[in-house]
Amino acid sequence: MAEQKQKEQIQALALAEELGLPAPVRQAVAAAPVWRRPDWLATAQGLTNPSRAAAAWRQLEAALAGDDPDGMALFALYLAAACTAREINDARGIPDDVFLATMGCFGRFLQEARVRCGRFCFDRAFWAWRQLSGQLFRLGTLEFEYRLLQPDEPAPPQGQAGTPVLSVHIPSDAVLTEAVLADSYARALPFFAQYGAALAPAGAPQTLLCHSWLLSPGLYELLAAGSGIRRFADGYRLYASDPDDSSFYEWLFAGRQPPQPLPQTTSLQRAVCAYLQAGGRIGSGYGIKL
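Counted the way UniProt numbering counts, the sequence shown spans residues 1 to 290.
Worth flagging that the hints you see were computed from the coordinates, not collected in a lab.
Beta carbons: idealized from backbone N, C-alpha and C, even for Gly.
A few of these clues could be false.
Stated by the list, open to error - So the derived label-pair ranges between C-beta atoms look like this:
#1 Ala-62 with Ala-182: 24 to 32 Å
#2 Asp-173 with Gly-93: 26 to 34 Å
#3 Ala-271 with Asp-173: 17 to 25 Å
#4 Asp-67 with Arg-92: 31 to 39 Å
#5 Ala-62 with Cys-117: 18 to 26 Å
#6 Ser-172 with Tyr-195: 40 to 48 Å
#7 Arg-187 with Glu-87: 44 to 52 Å
#8 Gly-280 with Arg-26: 37 to 45 Å
#9 Asp-39 with Gly-118: 29 to 37 Å
#10 Ala-225 with Pro-33: 51 to 59 Å
Could you build the full structure based on these sequences and the hints that come with them?
Shown next as structure tokens:
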């Protein structure tokens, strides 16, 4: 058992270095108490199973509640699971560069949290099980998540609950030039089709959808012609919007919301601030890929 624990720790630390994670994060992972808890390590393996991943996340968060203020113990478990996910991907023939690009989310999440919190912390466990369980992959500049339409969400034209789709996600470091976007989209549907039921258990995805503040009707009018966000939005036909969605504060203002003063460093931040002060609403939009 001790030998297995050491192997899991060594593999996780090697992956952390391969992903270029900062030294303080690697040190926190090495010192995490999880390596002495085979029960937690066993539960973490559930993160790689699509049918168990969400439950495994909740179970691990509950087990660590109150004892993991920066989320680094939980992050260590996610890295251990990522090593297993790599083996699963390799057995399926999924290229390792796709795995590494997908797991690049960890470094991005840590840096984003540092901007918000002033220190490295892992606060995206609620999301990252999708990458570990093989439901979400980064293919080029964008991420694509295989899922089924839910009955409580706006349905696109000819869509209904239970329809398999790909949800498009835009990483904070995404490059939104025309050629790079086109390459990413061109890879998405063929990738999931190539691996069949392993990645698309309910059948091939029928279309590409996106729900994001980047598709906000209010935001669109504030964007300069030729901007990357506008170029991205032009690739979708809106079929619903949510003016009450406040997620844009997270991505545009590092989580700050009124009455806190909003950063106005970029031209987009300044334009959105002025728009909000004039009574405008950003919210989000639902779009189907053209």
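With 26 to 34 Å as the target window, see if Asp-173 and Gly-93 comply at their CB atoms. With a Cβ separation near 27 Å, Asp-173 and Gly-93 satisfy 26 to 34 Å, so the hint holds.
Is 24 to 32 Å right for how far apart the beta carbons of Ala-62 and Ala-182 are? Given about 43 Å between the Cβ atoms, the range is violated.
For the range 44 to 52 Å, tell me whether the beta carbons of Arg-187 and Glu-87 fit it or not. violated, 23 Å
Quick check: does the Cβ-Cβ distance between Asp-39 and Gly-118 fall within 29 to 37 Å? holds, 33 Å
Asp-173 and Ala-271 - C-beta distance against the hinted 17 to 25 Å: holds, 22 Å
Between Ala-62 and Cys-117, is the Cβ distance one that fits in 18 to 26 Å? For Cys-117 against Ala-62, whose Cβ atoms are near 22 Å apart, the range 18 to 26 Å holds.
Using the C-beta atoms of Asp-67 and Arg-92, is the stated range 31 to 39 Å upheld? Holds - the Cβ-Cβ distance for Asp-67 and Arg-92, about 36 Å, lies within 31 to 39 Å.
Could you tell me whether the CB distance from Ser-172 to Tyr-195 stays inside 40 to 48 Å? violated, 27 Å
The hint says 37 to 45 Å between Gly-280 and Arg-26; measuring C-beta to C-beta, is that right? holds, 44 Å
Distance restraint evaluation - Ala-225, Pro-33, Cβ atoms, bounds 51 to 59 Å: holds, 53 Å
Violation of the numbered hints given earlier is confined to hints 1, 6 and 7; the remaining hints are satisfied by the structure.
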